[in-house]
Amino acid sequence: MQVTGKIVVVTGGANGIGRALCEAFHRAGAARVIVADIDSTAARAVAAAVDGAAFKCDVGKEKDISHVIEETERQFGPIELFCSNAGVGGGFDPLSENAGGDSDEPWSRSWAVHVMAHVYAARHLVPRMKARGRGYFLNTISAAGLLSQVGSPAYSTTKHAAVGFAENLAISHKAHGIKVSILCPQGVDTNMLRSIPKGPQSGDGDLTPEQVARDALAGIEQETFVILPHPQVLGYMRRKTENYDRWIAGMAKIQAKMREAYGK
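Numbering follows UniProt numbering, in which position 95 of the sequence shown is assigned residue number 95; successive positions increment by one, without gaps.
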């Protein structure tokens with residue numbers, strides 16, 4: 001799919017990968033880039049820079065997603081590409097003594113933002129896209145959804161669920177002309193990543209949001225389901241599926257190194 005002349009929505013578009021996506025789509029000739037973000041001031045600033053429009057949106061609330069879709073199509077025309085990009089950190093504690101020990105709040109918030117936001121977008125856009133016979137979803141997930149994230153059970157678990165929903169979305173609506181891509185980078189130089197201490201898990205290097213956005217645009221143009229800005233993730237996925245026990249043992253060694261690095 002070429003984004004030239006298309007109406008594009010990006011959630012979490014005010015910062016990080018989302019902002020870089022907005023800028024990349026604008027440079028690629030999108031007819032209008034809609035910046036949806038919980039930070040309305042920052043969203044308006046990005047929208048002004050890309051000659052777009054901004055909406056305040058908490059993606060964990062269905063009414064906010066519905067409002068963005070309704071108003072975008074009413075004001076600007078049919079949404080051809082919806083980028084469900086917003087995310088939350090979900091906590092990072094490599095020293096945790098219990099993977100299930102966090103309170104319900106971080107789990108509920110991660111589930112709302114990382115899973116239900118994608119569901120809400122599909123709930124309200126799929127009927128419109130089916131009627132038009134075309135449409136595209138780009139869901140920013142993470143390599144954590146394909147592999148795992150040591151020290152972040154809620155983040156990793158909900159990112160896995162996001163991959164599962166994207167697979168089902170792609171399978172269910174391929175015949176309707178609806179395309180799906182998932183964007184799965186490892187470390188990206190964003191505020192979220194900067195809030196996590198450096199450790200043994202960061203050896204593959206951090207990409208800039210701009211690099212990730214360029215890869216995302218190329219993946220959309222090629223209509224690739226899994227977009228991997230860090231290409232080594234494919235090798236890790238193969239090793240995981242070839243021998244799950246060996247992979248678990250290797251991840252446990254990383255956990256041990258992180259415990260040592262962080263003082264326990």
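Treat the hints as calculated values from the structure; they're not laboratory data. Take the hints with a grain of salt, since some may be wrong.
[Said to hold, decoys possible] Pairs of lysine-lysine, DSS-like flavour, derived with a Cα cap of 30 angstroms:
| id | residue 1 | residue 2 |
| --- | --- | --- |
| 1 | K130 | K56 |
| 2 | K63 | K130 |
| 3 | K6 | K130 |
| 4 | K179 | K61 |
| 5 | K240 | K6 |
| 6 | K179 | K56 |
| 7 | K130 | K179 |
| 8 | K240 | K179 |
| 9 | K6 | K56 |
Evaluated hints:
no.	hint	result
1	K130 x K56	holds, 27 angstroms
2	K63 x K130	holds, 21 angstroms
3	K6 x K130	holds, 17 angstroms
4	K179 x K61	holds, 24 angstroms
5	K240 x K6	violated, 38 angstroms
6	K179 x K56	holds, 26 angstroms
7	K130 x K179	holds, 11 angstroms
8	K240 x K179	holds, 27 angstroms
9	K6 x K56	holds, 21 angstroms
The structure shown violates just one earlier hint, number 5.
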